[in-house]
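J.: Sequence:
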Amino acid sequence: MAKATRAAFGATLVKLVDEGLDIMAVDADLAGSTTTAKLGAAYPDRLVDVGIAEQNMIGVAAGLSLTGRTVFTGSFAVFGAGRCYEQIRNTVCDSGLNVKVCPTHAGITVGADGATHQMLEDIALMRALPGMRVLVPADFASAAAAIRLAAETPGPFYIRLGREPLPEIYEEGFACTESCARVLREGGDLSIMACGVEVAQALGAAEVLESEGISAEVVDIMSVKPLDEKTVLASAAKCGRVLTVEEHSIYGGMGSAVSELLSQEHPVVVSRVGMTTFGQSGDATELLAHFGLDAAGIVDRAHQLLDR
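When you line the sequence shown up against UniProt numbering, it's residues 1 to 308, in that order.
The reader is advised that the hints may include incorrect statements.
As the list claims (entries may be wrong) - Between beta-carbon pairs, the in silico distance windows are:
(1) Asp307 - Gly63: 52 to 58 angstroms
(2) Asp300 - Ile52: 39 to 45 angstroms
(3) Ala42 - Ala175: 48 to 54 angstroms
(4) Gln280 - Glu212: 26 to 32 angstroms
(5) Gly32 - Glu212: 27 to 33 angstroms
(6) Ala289 - Asn90: 37 to 43 angstroms
(7) Ser215 - Glu172: 29 to 35 angstroms
(8) Thr67 - Gly213: 19 to 25 angstroms
(9) Pro154 - Ser281: 39 to 45 angstroms
(10) Asp283 - Gln304: 24 to 30 angstroms
Claimed, not checked - Pairs of lysine-lysine residues, derived as DSSO-like cross-links and limited to a Cα-Cα distance of at most 27 angstroms, are as follows:
(11) Lys225 - Lys238
(12) Lys225 - Lys3
(13) Lys15 - Lys225
(14) Lys15 - Lys38
(15) Lys38 - Lys3
(16) Lys15 - Lys3
The hints are simulated quantities; they were obtained by calculation from the structure and are not laboratory data. Beta carbons: idealized from backbone N, C-alpha and C, even for Gly.
Work out the full structure: start from the sequences and follow the hints.
T.: This is how it looks when you write it as structure tokens:
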């Protein structure tokens, strides 16, 4: 059943507290949308709502982490990552605090809220920070696994969550390691490396390509930082061509991380599918098609890559 990755946030926090982990969450007046309200409903003393004040949210989370707790923060990605970037950089990462930044509503699939609310640069911002680990789950189960991994691993994490329901890719109870990437479909003509929303679209594109006699491997790059270098290099060496696909700017995101690795360790032809402009207001599905981020758009780019 399709569920949004954000739906895993509050539900997983409740489970972790049930299991005895000393966890708190800090939100910025969006607990209903981010789903941290579920934690507040189950454990009222575990959720702090600071109001519409994301910079303060990070400061409060940092202070709580210094008391020994594991602290998660909510809000929307454009605010929870963008508005308080300086606080995340100087207060959380420079001190290596045990704060997990988990904003929801990332990317253009925010939809009708428009460009002001469609965060497309957050992966680039966060992966540039020393000590910050960056996870982009592709469905509900992998989002729950990412939150659990962050809770059980000391230090800063950034987990990018989305608004729209996504198809089920992993089974409930899926567990991930810190640098995991998963080959979801074997292929030999090109490797499509995707993250987040785009994993389901990449799998759909691979089905279309197969009907045309083209064998596409699909790799879920759930951890953008650290990158699973062994899996990325093996798939690139096997296929010889790599197409990266992300619901994010092509500048500084997952595609950049893959390109940086391949240019140093195993140069192959790489093409990047992603955003090069700000988004627009519209239905999430229509926006993915408009910007070439749906399965049909990925198929077109795969043809272009194979023709090079």
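J.: All hints, please: hold or fail.
T.: Structure-based check of each hint:
1. Asp307 - Gly63: 52 to 58 angstroms: Hint holds: Cβ distance 55 angstroms, inside 52 to 58 angstroms.
2. Asp300 - Ile52: 39 to 45 angstroms: For isoleucine 52 against aspartate 300, whose Cβ atoms are near 41 angstroms apart, the range 39 to 45 angstroms holds.
3. Ala42 - Ala175: 48 to 54 angstroms: violated (23 angstroms)
4. Gln280 - Glu212: 26 to 32 angstroms: Since glutamine 280 and glutamate 212 have Cβ atoms about 31 angstroms apart, the given range 26 to 32 angstroms holds.
5. Gly32 - Glu212: 27 to 33 angstroms: violated (45 angstroms)
6. Ala289 - Asn90: 37 to 43 angstroms: Since alanine 289 and asparagine 90 have Cβ atoms about 40 angstroms apart, the given range 37 to 43 angstroms holds.
7. Ser215 - Glu172: 29 to 35 angstroms: holds (30 angstroms)
8. Thr67 - Gly213: 19 to 25 angstroms: violated (60 angstroms)
9. Pro154 - Ser281: 39 to 45 angstroms: holds (40 angstroms)
10. Asp283 - Gln304: 24 to 30 angstroms: holds (26 angstroms)
11. Lys225 - Lys238: holds (23 angstroms)
12. Lys225 - Lys3: Within the cut-off at roughly 25 angstroms; holds.
13. Lys15 - Lys225: holds (26 angstroms)
14. Lys15 - Lys38: holds (11 angstroms)
15. Lys38 - Lys3: OK: lysine 38 and lysine 3 at ~16 angstroms, within 27 angstroms.
16. Lys15 - Lys3: Status holds; Cα separation ~18 angstroms.
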